[in-house]
Amino acid sequence: MIPALALVLGVVLGLVLEPTVPAALQPYLPIAVVAALDAVFGAVRAQLEGIFDDRVFVVSFVSNVVVAGLVVFLGDQLGVGGQLSTGVVVVLGIRIFSNAAAIRRRVFHA
Amino acid sequence: MTRPAPGPAGPGPSRLRRLLTPRLRRVDLAVAALLAVLGFAAVVQVRSTQEEGPLAAARQEDLVQILDELANRNDRLRAEVSALERTREDLTSGTGANEAALADARRRTQLLGVLAGSVTARGPGLRLTISDPQEMISAGVLLGALEELRAAGAEAMQVEGPVAPGDTDDAAGSAVRVVASTSLLDGEDGGIVVDGTLLRPPYRFTVLGDPTTMETALGIPGGVVDTVEQLDGRAVVVRGEDLLVGALRAVTPPRYARPAS
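So the protein sequences, as listed, match chains A and B. So the mapping is simple: the working numbering equals the position in the first sequence, first residue as 1, plus 348. So the mapping is simple: the working numbering equals the position in the second sequence, first residue as 1, plus 435.
Just chain B, same shape as in the assembly (with noise of 0.2 Å):
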């Protein structure tokens, strides 16, 4: 393949290839620089629009919808985060409810406690001894005695005598918590059944209240001491700052009755 000869073939090529040769003049330096920041420029721009990322090409319309839709979303977030917020709020108050509530809660279950024997009861008080060398006194005395000291204000009251013989209960078994439903019967050859536990003579009542009310309440003439004297017992009462009701009763749920409100 023979290439055709330069010069006079056509104007055309012949001036291209004129365009395309170095010649130096000051103009053609000025027209280098022209055309090399012109590649700068464009190369700079194309890049520049290709960092510009998908937004820059949109059409208005788009990037008023775009900008609609972010808007309605920005909205329903917003509305999210202020529910989510009362949402914790309510979670935050609730809680502080709830501990007011627990704490109240206690604090009543140990007030009921000490009613119904679940907890231990200190304060002041006093001890009634009774003792009863004849084996007279009946379970209707010492019932007169609580019933007295009820009446007087008793607050929490347990009951001891020494394990009977032949009795193998524990030692604590010997004080018996008294409460609402305490019951006392005549033991079968001496003694009292304090709630299914045989308590022999002397009987020692620990008794929680005002000593002063209480201790009149048993004095009075007919009242509990003098009863036990007529029956040749004695009935020493003794008063006490801070005496220890340390006797439990396990509190049993009610199978019938239910809270009605």
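In isolation and in its complexed conformation, chain A is listed as follows (with noise of 0.2 Å):
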């Protein structure tokens, strides 16, 4: 309940101050995003599935969008960013849609 209300939380924060995204961090961002969104679908299918564990989330929540930060940055140094930031929301993309289903089946039980 918490963790959904904290989301809701954050959401309202972004949408009242209306930041702007500072020019450096602009490629990082949305990596950093898909990388989160994939630690929560995680994150949630190991509640489902009953192997749910604070510090294993925080983590990999972390690492997460560490990794896939430093992923983007490598690929900005090689001049090949953009194809590897493409490549990072490829696979993170693949990893939320195998969770999503995961977390379908056992909710859905199909």
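Worth flagging that the hints you see were computed from the coordinates, not collected in a lab. Using N, Cα and C, we set each Cβ at its ideal position, and we do this for glycine too. Mixed in with the good hints there might be a few duds.
Said to hold, decoys possible - Far from chain A by the CB rule (all over 12 Å, computed), these chain B residues: (1) Gly474; (2) Val481; (3) Asn509; (4) Ser566; (5) Arg684.
Stated by the list, open to error - On the chain A side, residues computed to face chain B include the following (Cβ under 10 Å): (6) Ile350; (7) Leu353; (8) Val356; (9) Leu357; (10) Val359; (11) Leu361; (12) Gly362; (13) Leu365; (14) Glu366; (15) Val369; (16) Ala380; (17) Asp402; (18) Arg403; (19) Val413.
With the hints in hand, could you dock these two chains into one complex?
Shown next, in the form of structure tokens:
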């Protein structure tokens, strides 16, 4: 319940404050959001499977975001930032899809 | 409608409920903070994507094409700018040339006007007064005087006499500008008709030119002064430093002769 409320609170804050993204962060923010979404979906799935662990979630969330950002940063340095961020998004998207499928199976038994 | 009883109905919903049940530990706070950050970041990213406009979502090929089009358009506009600038320069210098030509034409008009009698003229010259008490002086004598003055370099001339009785023209009619086409006729009962205006003696000429030369030309033996005196008249020559030839003549455009160049 608290995590859901916190999520809503974050959304409301974002809507109210209307901050602008710093130029330095612009390439990384979308990737970080997708990576965090992956961690969240993984957490929901783990919770449904009864193997959710808070610490694991925190660590996986942070490391997901950091690694995704690092990969994009590295790609930018190598001149393949666009392609690498596409790759990261594809991989994370696949994981989100498979997690969503597992959640669906758990919830709807289908 | 009755809800299914919570508990052992199935493992999924009960665990989902436990996920949503408040528990407060530090790790829970960390989780909550992370999710809040996620929501915040997601909203911020969505907003910034919306603000970036249509170009942010465009594909690379489209962007290249758009850039190309912009460059082409830029080139076209640049060419247009330089063409317009050239036109403006032409017009500016054209205006200067026009003004110079206009000033030149005005000056020429003034100079030709002195010859044609369409402008007043002033300058050094002399006054020649020919009195004719015996009414003996004919148009031929005056014509001789004009020819003599012209030959001596007279540039502008007018001749005036008292307005003839019965000639009710305005006062200015008594002065006639002498130009190339001026005609002199003997009046029917005395006097001289100069370009249609009857003048009575004494005839007063105002002539602009070199006074010395003209005076000499008038005074030679057998010249104008001599002739007039032989006819019992008197010719008086007075020099002037600043004489005014104020009589004007209307310039009529030629009907047949056109400039050949």
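Quiz prompt | Given hint Gly362 of chain A near chain B, where the shortest CB pair must fall under 10 Å | solution = Holds - the Cβ of Gly362 of chain A comes within 10 Å of chain B, reaching about 3 Å at its closest.
Practice problem: So, Arg403 of chain A near chain B? Judge it on the closest CB pair being under 10 Å. | Solution: Status holds, d = 6 Å.
Quiz item: Minimum Cβ distance from Val359 of chain A to chain B below 10 Å?
Solution: For Val359 of chain A, the interface hint holds, since the closest Cβ of chain B sits about 4 Å away, which is under 10 Å.
Quiz item: At a threshold of 10 Å, is the proposed contact between Val356 of chain A and chain B supported by beta-carbon distances?
Solution: With a closest approach of 7 Å, the Val356 of chain A hint holds.
Self-check item: Restraint check, 10 Å cut-off on beta carbons, for Val369 of chain A near chain B
Solution: Check passed: Cβ of Val369 of chain A comes within 5 Å of chain B, closer than 10 Å.
Quiz item: At a threshold of 10 Å, is the proposed contact between Val413 of chain A and chain B supported by beta-carbon distances?
Solution: Hint on Val413 of chain A: holds, closest Cβ of chain B at ~9 Å, below 10 Å.
Quiz item: Would you say Arg684 of chain B is clear of chain A, with no C-beta pair closer than or equal to 12 Å?
Solution: Non-interface label stands for Arg684 of chain B: nearest chain A Cβ at 86 Å, farther than 12 Å.
Quiz prompt | Status of the hint placing Ile350 of chain A at chain B (closest C-beta pair under 10 Å) | solution = With Cβ-Cβ at 5 Å, under 10 Å, it holds.
Quiz item: Any CB of chain B closer than 10 Å to the CB of Leu365 of chain A?
Solution: holds (8 Å)
Self-check item: Beyond 12 Å from each Cβ of chain A, as asserted for Asn509 of chain B
Solution: Holds, since 26 Å exceeds 12 Å.
Practice problem: Let me know if the C-beta of Leu361 of chain A comes in closer than 10 Å to any C-beta of chain B, holds or violated. | Solution: Hint on Leu361 of chain A: holds, closest Cβ of chain B at ~5 Å, below 10 Å.
Quiz item: Taking the minimum C-beta separation from Val481 of chain B to chain A, is that value above 12 Å?
Solution: Violated, because the least Cβ-Cβ distance between Val481 of chain B and chain A comes to about 8 Å, which does not exceed 12 Å.
Checked against the numbered hints listed earlier, the structure breaks hints 1 and 2; every other hint is satisfied.
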